[in-house]
Amino acid sequence: MTGIDGVSRGDMNAGVMAGADMLSFVPLNVSVLERSPALTKWLLGWVGNNVEFLEPSHWPRIHGSHGTYVWSPPPAAAPAALEWPGELVHKRPTLVHVIVIPRLLTALWRNSWGKLRT
Amino acid sequence: MLTVPLGCPAWRADNLEPLILAISLPLSKSFPWRFRNTPATHDVECRVPPMWTTSFDDIGPALRKLLLQARNVPKCEGAWCPSCYTVALKDDVFPIKRPVSLEDEDAVINAKDYDRFVVARARFWRKETARNRRKQVLFPALFAVAAYAGGLRGEEVPLMDLFSTFKHFSEGVNHPKHPHVVMALCGRFKNKIGELEHLQPLATKTRLGLGVLIWFQQMLSWHKRKNVTRGPVF
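Protein sequences, first through last, are from chains F and W. Take the first sequence: its position 55, counting from 1, is numbered 55 in our numbering, and each next residue is one higher. Here our numbering runs 1000 ahead of the position in the second sequence, where the first position is 1.
Incorrect hints may appear among the rest.
DSSO-like mimics (lysine-lysine), calculated; alpha carbons at most 30 Å apart, straight line [claimed, not checked]:
| id | chain 1 | residue 1 | chain 2 | residue 2 |
| --- | --- | --- | --- | --- |
| 1 | W | Lys1127 | F | Lys91 |
| 2 | W | Lys1127 | W | Lys1205 |
| 3 | W | Lys1177 | W | Lys1167 |
| 4 | W | Lys1205 | F | Lys41 |
Hint data in this document are derived by calculation from the structure and do not stem from the laboratory.
With the rest of the complex left out, here is chain W (with noise of 0.2 Å):
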C-alpha cells in the first residue's frame, strides 16, 4: 500500500487530499503464498515514497517490476475446477454438452451431473493403462469426489494435504464403528493463528453412488509409487 502525496504530476496539489494507492498481487504457489513482507514488496514500499517528489518517472518503471515479478511466479490455482462448467466443457472424457453461457464460470453442475463425470473417469480409469493418461482421470475425479463430499469451494480442495492423509488415513478407514476416509487441509482457517491442519471426515460412499474410498486409495497409491509422502496432494 503506497500513499500518493499532494502535488506529483499524477495527483495534483488542488485535490487536497493524498491519494492511498493498493495492489494486490496473485497468491503464490509456494511459501510463503503471498508478496506481502517479502523483500520484493518491501523494497518497493522503502524505495518509493521519496521518489514521489524527487524523481516521479522512475516509480512506474519500479511498480512494473514489482507486477512483472509477482505474474512470473507460478500462481495458487484459482476456482478452476470439475464444478465449473468451462473445465467440464473442456473435458475430454466427459464433457458437459449443456446450453450455458461459457462466461459463466461459477455455475455448478449438479449431483447427478457428478455421478456421471466421475463414472465415466471410473470407466476410463479401468480401460486405460498409461500412467499418463490415468493422471489425468486420477485427479479431476478426485478433485470432483472431494469437493462434493467435503462441501468445499473450488480453491479449498488444493489444500489438501498428502502426509496428513496418509497419517490419518488408515485409522479412519478401520474406525470399528464408523469407517470414514479423513481428508487433511492444512491452511489457514478463519479466527485462528497460523497454519493448522483440519481434518475432515468424509463418507467413504454417498448415497448417490460416489465413491469416495476409491478415489482417495487410487490418490494414495499413485504418490506411494511415486514415492512422494508429503507436500500438496494436487
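One chain only, chain F, in its complex shape (with noise of 0.2 Å):
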C-alpha cells in the first residue's frame, strides 16, 4: 500500500509515510507482459505462431512484411512508441499489430493511438 492516507489515520510506519518513492508505487516504467506473465501467454494462445514480442529495442528496427507483433510498452514510453506501429500501418499493410498498455497517462499517447487507429 502506498500509505497516503497514513497522516489521517495516524499511521507513519507505511509507504510514503516511510519515506518511500511515490513513483515506486505508480509503474509508468514497467510494461505489462512484466507485471502480469501470465498475459504473454493468454496473447501466445491466439495471436497465431508467426508472433514477436517486441522490446524497445527492436521498437525501430526494419520489422518483415509478414507475421504479427505485439508491441507491449511502458506507459511513460507509449508517445514515443506508438509512433513506430503508426508509421508500420502505411510502410507494411500487412502486418497485425497487437498493442497492450495499462489505462495510465493516456493524456500523453491517448491522441497518437486516435491517429494509428484511423
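Using the supplied hints, reconstruct the complex from the two chains, each of which is provided in its own coordinate frame.
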C-alpha cells in the first residue's frame, strides 16, 4: 500500500509516510508483460505462430512483411513507441499489430493512438 | 480496441487499472479496405466485453477467428516495389548485384540504377512477344518510372486509378505548351475528407532519359486490349 492516508490515520510507518518514493507505487516504467506474465501466455494462445514480442530495442528496427508484432510499451514510453506502429501501418500494410498498454498516462498517448486507428 | 478489466485471469485485480488492448489488422485489397467498423470487428467488439468475467476462455478463440479472417482476405500491397533492393535482387530481367544486406528492405536504388533497370526492361519488352512475359516487364517498369518521376513512395504508386488516367491522359499529352503525363491517384489525402482524385503531372521523359510517356502508353494499351477501363492500374 502507498500509505498516502497515513497522516489522517496516524500511521507513519507505511509506504510514502515511511519514506518510500511515491513513483515506486506507480509503475509508469514497467510494461504489461513484466507486470503480468500470464498475459504473454494468453496472447500466445490466440495471436498465432508467427508472432514477435517487441522489446524497446526492436521498435525502430526494420520489420518483415509478414507476421504479428506485439507492442507492450510502458505507459511513459507509449507516446514515442506508438509512432513506430503508426508508421508501419502504412509502410507494411500486411502486418498485424497487437498493442497492450495499461490505462495510465492516457493523456500523453491517446492522441497518437487515435491517429494510428484511423 | 478492447478494454481488459481488472480481475480476469490474464490481468489480475492487483494491477489496479484496466488494460487497453488494440489490434491493428492488415489493410484489405478491396473496398472498404480496412476492417474497422466491419461486421466482423463489430461482432467482436460487442461480444467480447461481457465475456471477460463470465467466459474468459472463449475470448481467445473469438479474437483468433477475427485474425484468421483478416489474414485470409487479399491484402493491400506493401512497400515491395522496384525501389527495394530485395525485389531488384530477385529480378530475372535485370538483377542488381550489390553487396547489401537482404534484411535492409528499405534501401533505395539510386537514379542510375533506375535507369538501368528500366532500360533493361525496355530491351526485354522489344524482344519478347509473349503476353505473359511482357506483363512481367511492363508493370514493374511502370511502377519504377511512376515512383521515380512522381517522387512517390512504394505504397503510394498502387493508388493509380485506371479510369482517371484514361480520362486525363490525352489532354496532358496534347497540352499545347507543356506536354506531360497525367498520373491519377485515387485515395485518401491528409487534411481532406473522403476519397479524392489527385492528378499528378509527370514529365514525358526525364533528364536522365527515363521514358515516362512510353510506359504509360504501353500500360493503357495493355488494359485497352483487355477491355479494362476502370479500377486499379496494378
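Broken hints, by number: 1 and 4
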